[in-house]
Amino acid sequence: MTRLRPLLVALLLAAACAGYLALEGRVSTDLADFLPAGGADDGLLLEQLRDGRAARVLLLAVEGGDALARRRLSQAVLDLLLRQPQIARAYNGSPEPDGETLELLFRYRYLLSRQSLEEANLRPQLLQRLAELRSPVAPLDKRLLPADPTAAFSDVLARLRPAHSPRQRDGVWVSPDGNRALLVAELRPQGLDVAAQAALVAAIERGFAQLPQSGNARLLISGPARFAAEASERIRFETQWLSILASALLTLFLLVIYRSPRLVLLSALPLGGGVLAATAVTHLLFDGIHAITLAFGVTILGVAIDYPLHLFSHLRGRSPAEALRRVWPTLRLGVATTLAGYAALAFTEFPGLAQLGVFAGVGVAVAAAATRWLLPGLLVALPTRDAPPLRLAPTLPAWLPLALAAAAGLALLGAAQHRPVWEDKLAALSPVPGPALALDRELREQLGAAEPGQLVLIRGADPQEALERSERVLPLLDDLVAAGTIRHYQAAATLLPSARTQLARRAVLPESTALAAALEAAQQGLPFRADAFRPFLDEVADARRLEPLTPERLSGLLALRLEDLLHRQGDGWTAVIPLGGVRDPAGVAAALTGVELPGVRYLDLARASSALVADFRNQALERLAWGGAGLLLILALGLRSPLAALRAVAPIVVAAAATIASLLWLGFALSLFHLISLLLVVGIGLDYSLFFREWRYRPEAQGATLHALLVCFGSTLGVFGILALSSLPVLQAIGSTVAVGVAFSFLFGFLFALTTEQFRAQRQ
Amino acid sequence: MISGSTIRILALSALLAALPAAVAGTSAEWTVPRLMAALRDSGPRETGFVEEKRVGLLEQTLVVKGRLRYLSPGELERIVVEPEPERYSVRGDLLTIESGKRPPRRLRLSEQPVLEAFIGSLRDTLAGDRQALERHYRLDLLGGREAWQLTLTPLAGPLRQYLQEVRIRGNGGEIQAFELLESNGDSSLTRLIPDHD
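Going down the list, the sequences are from chains A and B. So in the numbering used here, the last spot in the first sequence is 819, and the numbers never skip. So in the numbering used here, the last spot in the second sequence is 246, and the numbers never skip.
Just so you know, these hints were derived from the structure itself, not from any lab. There could be a bad hint or two in this list.
[Unchecked claim] For each label pair, taking beta carbons as the anchor points, the in silico distance ranges come out as:
#	chain 1	residue 1	chain 2	residue 2	range
1	A	210	B	155	16 to 22 Å
2	A	568	B	93	55 to 61 Å
3	A	268	B	132	49 to 55 Å
4	B	132	A	601	53 to 59 Å
5	B	101	A	267	37 to 43 Å
6	A	162	B	133	31 to 37 Å
7	A	610	B	193	54 to 60 Å
8	A	267	B	132	55 to 61 Å
9	A	199	B	101	20 to 26 Å
10	B	153	A	586	33 to 39 Å
[What the hints assert, rightly or not] Straight line, CA to CA, 27 Å or less: simulated DSSO-like cross-link-like pairs of lysine-lysine:
#	chain 1	residue 1	chain 2	residue 2
11	A	197	B	150
12	B	114	B	150
13	B	114	A	197
Heads up, the beta-carbon is just placed ideally off N, CA and C, and yes, glycines get one too.
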């Protein structure tokens, strides 16, 4: 009965964890939960990452069929889009401002337009109007002439028109070559919820397939939501297949080695229990668990596969209790050092890393506990085999460890000189394939959509301050457009000048008699009737009494467009100027920082997020350095000698250096995932090193220990080798780092152990 | 047996029966399809033009002179010589306006339906394209082959706000005058002056 007590306790705990998770379990897929809250700047960055307008835009195109079919499909797709609750707005053609807005703009044209009504400007304008009257298209243009001889209204309208509007035919947007109908949809702000975005894209595609006219036409969808959907699909597909393959391989391997299905089944207990406990505890501490934590956490717990294997390899001709006695002291030390490493992670400011640290720490501890207290009660001794224990005659020179260390060190230094060391670009970790990115660029260009990552942000205490500050920036942006550094931009201040600017314009509007006299002078010699421009005089007089037009008075389309570009944020207002066709981000940054512009910031999301990743990484490195110190301390205590601790750690350090050097020489730059994998390598490698040490100093256990080491190595190599085959950069990083890392760890652990004895033997 | 006199009577009747048809062939009704065919058959041509515009805002009549070049259906050019050199050309969907020192304005007719209909009144008539004309106008034809007048009245739509009527006069497949009557009372008359030696 006492044998089964651990089992009952374990089952009770497992049930508690499972029950808790089943009732309260909440897996978050929002990337923002993984990233830090950070300072004000980072807040801005995150805000744009999650809710930035460009991040919420979907670009669509209908291809195939004939022009008429495409036009009908364009309408049908528009209806389909507008029926989706997650979509706030959708367009398939340039929306015209409504009559009410047009009237408003006409009334305010003299405050909104940059034109001057100085006497000197009147005559050239009148001459121009006369020339326009001679034109064959005059009948369509001339209705506003009596009230607006200086064409101020068309100046206002020109500024309202987006700089880069797609071609329009029969009322719908088409690509420049006419072969595609184009649409744009905007999602409601709702954070980076990948699952919801994937569902939306799938719903649109289904809806399109069900349209009666969709016969031989295709619907292309692009945009961040689409990428997220596709990425999550690919990730799910690959992780599913790779884990099935890896599990199958592992099971087969263990079956061949131990020839006991019962053992193979039992080997899963520590890992399974570790995952369950880790999930429950992390969830409890962080009020939820992130999907990324789950995915990587389970990977890092790969070290826990080794624990039962050490136990099993010692079962030949021994009772489980005896086997445990042989294995546990070393195992315990290995677990303690691994915990030191993970604990370091748990204390970072990054919620993601902290979760990972807690998850891995708890998982490892529980897996070790299960191996110590649960498994022995469930095992039986294996029959002895007649195979002789493995013996190796050491014939390695004593300077070998130093030589290997030197070689690894040089390789690493050389690699660091010639290759980029750190991979900070988030784009490099993106699983989106090249052709999809190319299509996105193409559609973005054809639709004149801004790039999601290039913005100028302007803060102000109220809308007017934001507008005024924007107006100071506009001339700089115009220069950049003229120089070709950027292609276009959209600004709220272009749509609606600040109240101050409008008042300034109002102040210089000539008063009636002066204007009448100037007009008469300008009309000299021109065939206009003397009273032709009476309406103009009246309207300018009215304009001199107008109060500035402010954002709240706009409605309809113009109001929507303004809201996109100028909105309340926090305790102030932000004007957003999306930039399109940015060819030289450094040039933009230089232009905007050269001048004194309070409240203006250029945000290059790619560079900002790289900075964030670098920060993330540096924090992780710092913490890991502390973890390393803790690790050494525990080792020194456990082995009762600092020197022994150093000797145990030496092969792992060299192995880590060799692994990094190999990765760099192969052309990989190190990302955060490589770092986390190296942590795993160190954990596993240290276990190898300690057991190789065992192997040396306990000759009677040599065969079993070596057997265990080989099985651990083989299984880890197999599982992570399969991961390295993935096409997803993240999984490939983890797989290759761990596979190469354990190979080096095993090799160096083996060699260093041999030479240590050799060294010792020589001295005696 | 048919006698000789019977044959003569039969021949005479046949001749008499054919007579109205022959007469109809020479003085047949001048219909829109025939006009369109004649216009189509005229092919590319180039003429001078003089346009007189009466605009309510102006005290005088504006006079514009230049050359009109019709190259093919959908390709039309109006080159102004007096008072200022200008050039308006239509190539398919694209209208290009070059006037003075200002940069050329380019407009896509497919994006401006009213403008397209407006230009179509001349362009489609020159091309003899009845279908295109009837998309925007009601056609009424008066007169005979040598002196006809085609009146285009805009169908319901935004065009009606600007245009009341277009009257085109000509002889056979040759257009001689083009008159525009606008809804606000303005009008313009363009006379085409062929290059005869």
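We went through each hint and held it up to the structure:
1. The beta-carbon spacing between residue 210 of chain A and residue 155 of chain B, approximately 19 Å, falls within the hinted interval of 16 to 22 Å.
2. Checked against the given bound of 55 to 61 Å, the beta carbons of residue 568 of chain A and residue 93 of chain B, roughly 57 Å apart, stay inside it.
3. Separation of residue 268 of chain A from residue 132 of chain B is about 53 Å and conforms to the stated range, judged on CB atoms against 49 to 55 Å.
4. In this structure, residue 132 of chain B and residue 601 of chain A break the distance hint of 53 to 59 Å, their C-beta atoms being roughly 38 Å apart.
5. Separation of residue 101 of chain B from residue 267 of chain A is about 55 Å and departs from the stated range, judged on CB atoms against 37 to 43 Å.
6. Against the hinted window of 31 to 37 Å, the Cβ-Cβ separation of residue 162 of chain A and residue 133 of chain B comes to about 33 Å, which satisfies the hint.
7. Between residue 610 of chain A and residue 193 of chain B the Cβ separation comes to about 58 Å, which falls inside the hinted range of 54 to 60 Å.
8. Distance hint check: the CB atoms of residue 267 of chain A and residue 132 of chain B are about 58 Å apart, consistent with the given range 55 to 61 Å.
9. Between residue 199 of chain A and residue 101 of chain B the beta carbons are some 24 Å apart, a value that agrees with the proposed interval 20 to 26 Å.
10. Taking 33 to 39 Å as the suggested C-beta distance range, the pair residue 153 of chain B and residue 586 of chain A conforms, at roughly 35 Å.
11. This hinted pair checks out: residue 197 of chain A and residue 150 of chain B have alpha carbons roughly 21 Å apart, not beyond 27 Å.
12. Proposed proximity of residue 114 of chain B and residue 150 of chain B is supported: the alpha carbons are some 19 Å apart, at most 27 Å.
13. As the CA atoms of residue 114 of chain B and residue 197 of chain A are separated by approximately 21 Å, the hinted pair is consistent with the 27 Å bound.
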